[in-house]
Amino acid sequence: AQSVAQPEDQVNVAEGNPLTVKCTYSVSGNPYLFWYVQYPNRGLQFLLKYITGDNLVKGSYGFEAEFNKSQTSFHLKKPSALVSDSALYFCAVRDAGGYQKVTFGTGTKLQVIP
Amino acid sequence: SAVISQKPSRDICQRGTSLTIQCQVDSQVTMMFWYRQQPGQSLTLIATANQGSEATYESGFVIDKFPISRPNLTFSTLTVSNMSPEDSSIYLCSVTPGQGQPQHFGDGTRLSIL
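Heads up: the sequence lines are chains A and B, in that order.
Note that the first sequence covers residues 1122 to 1235 in my numbering.
Note that the second sequence covers residues 3 to 116 in my numbering.
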């Protein structure tokens, strides 16, 4: 069975500071990894994905994530946080082999403080 | 990418009634997914809907309670039947445009049952 853990319910960061939202995963084969953001009253918006290749993945709105196979982690990062980044962030994983359903983490609320 | 339209965006319903949620995609997709997101929680997959076949339901969800239609490659409906306050939730439609591609989500239907 596959699983995703987002250990922090909420992350607070000052505007202009770097931010990290943590994610670890478990999957039997090779992983496809995703980050999504959810703003109030909206669905989930895709930020970035890791399928294969470079471990550092760049995505929308200046976000990036680093795939670390040995630590089974896929932490989301941004060098300089904006107040508008405040939202709910979900990490997701699925097994790359064949079709498997996607498993979502419990979400981390990011609060950027002006 | 796929653009997904969900209707209605929100509704308030009486206990014991049923509501049908519509999901329209701007391109043909093989698989469509229906999720539930209860307040403050992550996404839970209700079922996967393929065109021309019966939906596949996840553990804890049954067809009598959540009947799904998938009449063509761009449209699906989810009905929430005999609603109770416990069904108050956000219901999200999602599609995967292709293998290895991230899922795209509609903005969801916010359902409150009185």
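Everything labelled a hint here was simulated from the structure, so no lab data went into it.
Wrong hints could be hidden among the right ones.
What the hints assert, rightly or not - As a list, the in silico DSS-like pairs of lysine-lysine whose alpha-carbon atoms are at most 30 angstroms apart:
hint	chain 1	residue 1	chain 2	residue 2
1	A	Lys1198	B	Lys9
2	A	Lys1222	B	Lys9
3	A	Lys1190	A	Lys1170
4	A	Lys1170	B	Lys67
5	B	Lys9	A	Lys1230
6	A	Lys1222	A	Lys1143
These figures come from a predicted structure and were not determined experimentally.
Evaluated hints:
1. A:Lys1198 / B:Lys9: violated (34 angstroms)
2. A:Lys1222 / B:Lys9: holds (24 angstroms)
3. A:Lys1190 / A:Lys1170: holds (15 angstroms)
4. A:Lys1170 / B:Lys67: violated (34 angstroms)
5. B:Lys9 / A:Lys1230: holds (27 angstroms)
6. A:Lys1222 / A:Lys1143: holds (22 angstroms)
Checked against the numbered hints listed earlier, the structure breaks hints 1 and 4; every other hint is satisfied.
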